[in-house]
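**Student:** So you can see what is in the structure, the chains are spelled out below.
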Amino acid sequence: MFKGTEAVPEGEFSDIIAREGGRLNAFTGRDFTAYFEVLAADRLSIALELEADRMANLLLRSEAVATEREVVLEERRLRTDDRPEGRFAERFAAIAHAGSGYAHPIIGWADDIRATGTEELEAWYEHWYTPSNATLVVAGDVDPDEVHELAQNYFGGIAARAVPPVHDPVAIDPPGERRLDYPDPQARITQLRMGYTVPSYATAENPGDPYALLMLSTVLDGGEGARLPEGLVRGSGVAAAAGAGYNPMTRLDAEFSLYGVPSDDDVESVEAALREQIARLQEEPVSDEELERARSQVLADHLFQLDSVFFQAMQLGMLETTGAGWETLGAFEEQIRAVTAEDIQAAARRYLRPEQLTIGVLRPADEESQS
Amino acid sequence: MRRWLTGLGLFLLMGSGGAMEVDIQEWQTDNGARVLFVERSELPIVDLRVTFDAGSARDDDQPGLARMVSNLLLEGTEEHSAGEIARSFERHGARVSTGSGRDTAEVSLRSLSDPTRLEPSVENLARALAGAAFPEDALERVRQQMLLSLRQVESSPSSLAERAFARAIYGDHPYATPPGGEAESLQAMTRADVQDFHQGHYTAANGVIAIVGDLNRSQAEDIARRVAGALPDGTTLEPLPTVTMPDEPVTVRIPFDAEQTHVVAGQPSIRRGDDQYYALYLANHILGGGGLTSLLAERMREERGLSYSSSSSLTAGVRAGRFQMATQVRNEALGEALSVLRGSLDELRDEGPSDDRLEASVRNITGSFPLQLDSNRALLGYVATMGFHDLPRDYLPRFVERIDALQVEDVRGALRERIPPQRLVTVLVGPAEVIEAVE
Numbered sequence: 001m002f003k004g005t006e007a008v009p010e011g012e013f014s015d016i017i018a019r020e021g022g023r024l025n026a027f028t029g030r031d032f033t034a035y036f037e038v039l040a041a042d043r044l045s046i047a048l049e050l051e052a053d054r055m056a057n058l059l060l061r062s063e064a065v066a067t068e069r070e071v072v073l074e075e076r077r078l079r080t081d082d083r084p085e086g087r088f089a090e091r092f093a094a095i096a097h098a099g100s101g102y103a104h105p106i107i108g109w110a111d112d113i114r115a116t117g118t119e120e121l122e123a124w125y126e127h128w129y130t131p132s133n134a135t136l137v138v139a140g141d142v143d144p145d146e147v148h149e150l151a152q153n154y155f156g157g158i159a160a161r162a163v164p165p166v167h168d169p170v171a172i173d174p175p176g177e178r179r180l181d182y183p184d185p186q187a188r189i190t191q192l193r194m195g196y197t198v199p200s201y202a203t204a205e206n207p208g209d210p211y212a213l214l215m216l217s218t219v220l221d222g223g224e225g226a227r228l229p230e231g232l233v234r235g236s237g238v239a240a241a242a243g244a245g246y247n248p249m250t251r252l253d254a255e256f257s258l259y260g261v262p263s264d265d266d267v268e269s270v271e272a273a274l275r276e277q278i279a280r281l282q283e284e285p286v287s288d289e290e291l292e293r294a295r296s297q298v299l300a301d302h303l304f305q306l307d308s309v310f311f312q313a314m315q316l317g318m319l320e321t322t323g324a325g326w327e328t329l330g331a332f333e334e335q336i337r338a339v340t341a342e343d344i345q346a347a348a349r350r351y352l353r354p355e356q357l358t359i360g361v362l363r364p365a366d367e368e369s370q371s
Numbered sequence: 372m373r374r375w376l377t378g379l380g381l382f383l384l385m386g387s388g389g390a391m392e393v394d395i396q397e398w399q400t401d402n403g404a405r406v407l408f409v410e411r412s413e414l415p416i417v418d419l420r421v422t423f424d425a426g427s428a429r430d431d432d433q434p435g436l437a438r439m440v441s442n443l444l445l446e447g448t449e450e451h452s453a454g455e456i457a458r459s460f461e462r463h464g465a466r467v468s469t470g471s472g473r474d475t476a477e478v479s480l481r482s483l484s485d486p487t488r489l490e491p492s493v494e495n496l497a498r499a500l501a502g503a504a505f506p507e508d509a510l511e512r513v514r515q516q517m518l519l520s521l522r523q524v525e526s527s528p529s530s531l532a533e534r535a536f537a538r539a540i541y542g543d544h545p546y547a548t549p550p551g552g553e554a555e556s557l558q559a560m561t562r563a564d565v566q567d568f569h570q571g572h573y574t575a576a577n578g579v580i581a582i583v584g585d586l587n588r589s590q591a592e593d594i595a596r597r598v599a600g601a602l603p604d605g606t607t608l609e610p611l612p613t614v615t616m617p618d619e620p621v622t623v624r625i626p627f628d629a630e631q632t633h634v635v636a637g638q639p640s641i642r643r644g645d646d647q648y649y650a651l652y653l654a655n656h657i658l659g660g661g662g663l664t665s666l667l668a669e670r671m672r673e674e675r676g677l678s679y680s681s682s683s684s685l686t687a688g689v690r691a692g693r694f695q696m697a698t699q700v701r702n703e704a705l706g707e708a709l710s711v712l713r714g715s716l717d718e719l720r721d722e723g724p725s726d727d728r729l730e731a732s733v734r735n736i737t738g739s740f741p742l743q744l745d746s747n748r749a750l751l752g753y754v755a756t757m758g759f760h761d762l763p764r765d766y767l768p769r770f771v772e773r774i775d776a777l778q779v780e781d782v783r784g785a786l787r788e789r790i791p792p793q794r795l796v797t798v799l800v801g802p803a804e805v806i807e808a809v810e
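Here the protein sequences come in this chain order: A and B.
Our numbering puts the first residue of the first sequence at 1, with every later residue one more than the last.
Our numbering puts the first residue of the second sequence at 372, with every later residue one more than the last.
Accuracy of the hints is not assured; some may be wrong.
Claimed, not checked - Computed Cβ-Cβ distance ranges for the label pairs, DEER-style:
#: 1; chain 1: B; residue 1: S468; chain 2: A; residue 2: R161; range: 43 to 51 angstroms
#: 2; chain 1: A; residue 1: N247; chain 2: B; residue 2: R748; range: 16 to 24 angstroms
#: 3; chain 1: A; residue 1: E122; chain 2: B; residue 2: R734; range: 28 to 36 angstroms
#: 4; chain 1: B; residue 1: Q570; chain 2: A; residue 2: G108; range: 49 to 57 angstroms
#: 5; chain 1: A; residue 1: D264; chain 2: B; residue 2: P791; range: 42 to 50 angstroms
#: 6; chain 1: A; residue 1: R114; chain 2: B; residue 2: E718; range: 32 to 40 angstroms
None of these hints come from the bench; they were simulated from the model.
Even for Gly, the Cβ is constructed at its ideal location relative to N, Cα and C.
Using the sequences and the hints, build the whole thing.
**Tutor:** Here it is as structure tokens:
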């Protein structure tokens with residue numbers, strides 16, 4: 001998408017934005033590819049004109065594709081192939097999300113990258129790059145009516161194409177507990193990751209569940225005073241680091257993850273301690289003090305995030321693209337306020353179940369097994 | 372309870388306009404801490420950072436000591452455990468953190484500006500700072516964590532390259548040792564070492580307080596007074612030694628089995644406040660600091676497909692920062708990549724940039740500078756840096772003017788004088804046979 005159109009030849013897009021004092025880039029996630037420009041508010045139309053042009057008129061020359069393929073392979077080596085953590089994460093995803101698109105690495109398998117040519121890219125571009133499949137997000141010091149008019153102006157003339165519905169195969173559900181034991185010759189420390197498949201904003205049957213899970217994750221790891229640092233790192237000391245995380249902005253089901261780094265390679269004790277923490281959440285409601293503390297943290301963090309205009313645009317785009325809808329952001333505070341201790345306990349019981357769990361251990365390979 | 376989000380639209384419409392009119396107020400607390408304050412009321416939040424001259428450059432013969440103190444700072448007082456201290460902030464939705472690098476150690480607090488949230492968080496911070504007790508069990512735990520981090524460095528070619536690069540460019544200077552320490556020094560560190568360092572460095576005279584956010588001058592004065600009041604008066608420290616520049620080009624090779632070789636090439640740069648900073652900033656932007664339009668990205672990535680990321684960076688420090696080019700390339704292309712990297716720097720130094728490139732970079736820097744100040748967090752970073760390095764108070768508004776005035780000859784001259792070829796240090800981390808085969 002940076003390789004040019006007839007009107008804006010290769011390199012000019014970036015040059016124009018740079019000259020206007022802007023920055024730009026693009027990134028691909030599991031559910032979307034996003035292109036962005038950050039520039040002074042009075043220069044919005046420049047970005048819109050350029051984006052509209054490359055949404056419809058991209059030229060895919062085989063020479064440019066060949067060069068870019070090498071760049072993508074280098075990116076893959078950098079992020080995945082040459083890093084123990086990268087090699088582990090790719091294996092973990094393949095097992096945790098077996099049967100879904102999330103099982104494949106975002107950047108692709110090396111073989112597929114090598115085998116992808118101009119024809120495949122053209123087909124992809126034809127299929128997905130059309131206004132009916134695009135979301136334009138503008139955040140900043142602008143007037144909504146003017147933005148609407150500009151968008152109509154630049155994108156309105158692009159012929160609409162229907163996007164075929166996405167087919168998500170129904171995978172084995174529940175898949176049963178899975179375990180990845182991955183000794184890596186270059187790993188120097190042992191790390192444990194546990195991932196439960198749980199609903200996202202988009203897939204939750206009960207709309208309150210993602211908020212209960214966000215609160216649950218904050219009870220475990222909202223800060224140094226939360227249960228995991230307190231219990232596993234400073235308390236028993238089995239872990240040098242431990243945490244939890246949950247991102248509900250996914251089109252398909254999301255992952256609720258826990259991780260731990262054993263302080264002396266005793267990974268079994270860390271796993272047992274994390275399981276114990278889950279069991280405790282299932283057996284007893286969190287205290288009023290914990291609930292209040294978690295709520296204060298989630299709401300304050302939510303407000304702190306508004307400090308970044310870029311992140312506001314990111315969030316709106318992700319919510320819309322994953323099917324949750326941008327309005328989710330406006331309802332966030334109310335939804336978090338509504339979460340009770342019982343909701344958190346119920347979410348732990350309903351979703352943090354062994355049959356939805358993948359456990360992965362990355363550990364240094366023994367000297368003998370290497371030879 | 373007060374609702375924090377009165378309507379999302381309000382914040383979405385917030386712009387970056389007026390960023391260049393940043394009004395920095397400055398004063399000193401009674402016990403000698405300098406304070407810089409910017410009032411910003413678009414969001415109901417307050418950011419505070421105390422920056423101390425307590426980075427690893429002060430480690431002396433105990434690499435990792437400054438980091439150890441920073442890691443332990445909020446780990447307990449005589450009255451309160453680390454968990455209790457953390458929860459005292461979390462209860463109010465406040466975020467507190469510590470960090471340390473080569474020149475500085477920082478303590479940062481982010482809170483809602485609602486006084487019922489801000490007041491207790493400031494109080495908690497003052498109490499934790501005043502009473503930092505460095506309990507033995509916390510020392511042992513953090514020691515183990517830091518030793519684990521050292522082990523992890525061995526599995527990361529980029530970390531290995533960074534460590535070797537600093538060692539090679541800074542020679543005998545205290546900047547040469549890793550802020551995260553070394554196994555031997557970490558193992559030998561005692562509670563007394565930690566307490567001594569803390570007493571000598573975490574003082575009002577040795578700290579600068581930066582405050583940005585939704586509060587007025589008298590509230591800011593009150594907060595600064597309470598935070599500084601938690602610190603002993605102290606004295607300013609002896610200046611750091613000067614950095615001895617490398618006197619001949621060196622290549623450092625670290626064998627690591629991988630498909631790519633990591634390359635870092637560069638040298639020590641200049642001190643903060645140096646007049647040639649602006650010309651070097653522009654030179655770096657043209658070479659590899661300007662994203663996709665820079666020389667290195669064009670030549671390495673767009674034209675040749677040699678790497679995903681090829682960039683250069685420039686920092687300035689109390690004594691010296693660093694200038695470095697960095698890339699990662701498939702092993703068979705290492706020779707070509709090295710000649711493109713070094714050749715691009717040499718060409719820029721010898722011939723200077725074309726008028727077009729110079730103009731494009733100047734326009735990008737001057738046009739994007741206000742956007743870099745559009746969040747409170749980013750502004751806090753600038754203000755804290757300005758305070759710590761005692762930069763002129765018109766640094767921000769003058770920055771754009773200074774860049775705008777630069778000519779081709781300034782860029783070439785700055786590179787010749789400050790980044791000469793005979794000081795170039797190259798670090799290669801990759802398979803032995805690959806890195807031995809190149810100069």
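**Student:** All hints, please: hold or fail.
**Tutor:** How the hints compare with the structure:
Between S468 (chain B) and R161 (chain A), the C-beta spacing of about 48 angstroms keeps the proposed range 43 to 51 angstroms intact. Separated by about 21 angstroms at the C-beta atoms, N247 (chain A) and R748 (chain B) satisfy the suggested range of 16 to 24 angstroms. With their beta carbons about 35 angstroms apart, E122 (chain A) and R734 (chain B) fall inside the hinted range of 28 to 36 angstroms. A C-beta distance of roughly 55 angstroms is found between Q570 (chain B) and G108 (chain A), which places it inside the suggested range of 49 to 57 angstroms.
The supplied range of 42 to 50 angstroms is met by D264 (chain A) and P791 (chain B), whose beta-carbon atoms lie about 49 angstroms from each other. Checked against the hint of 32 to 40 angstroms, the C-beta distance between R114 (chain A) and E718 (chain B) comes to roughly 33 angstroms, which is consistent with it.
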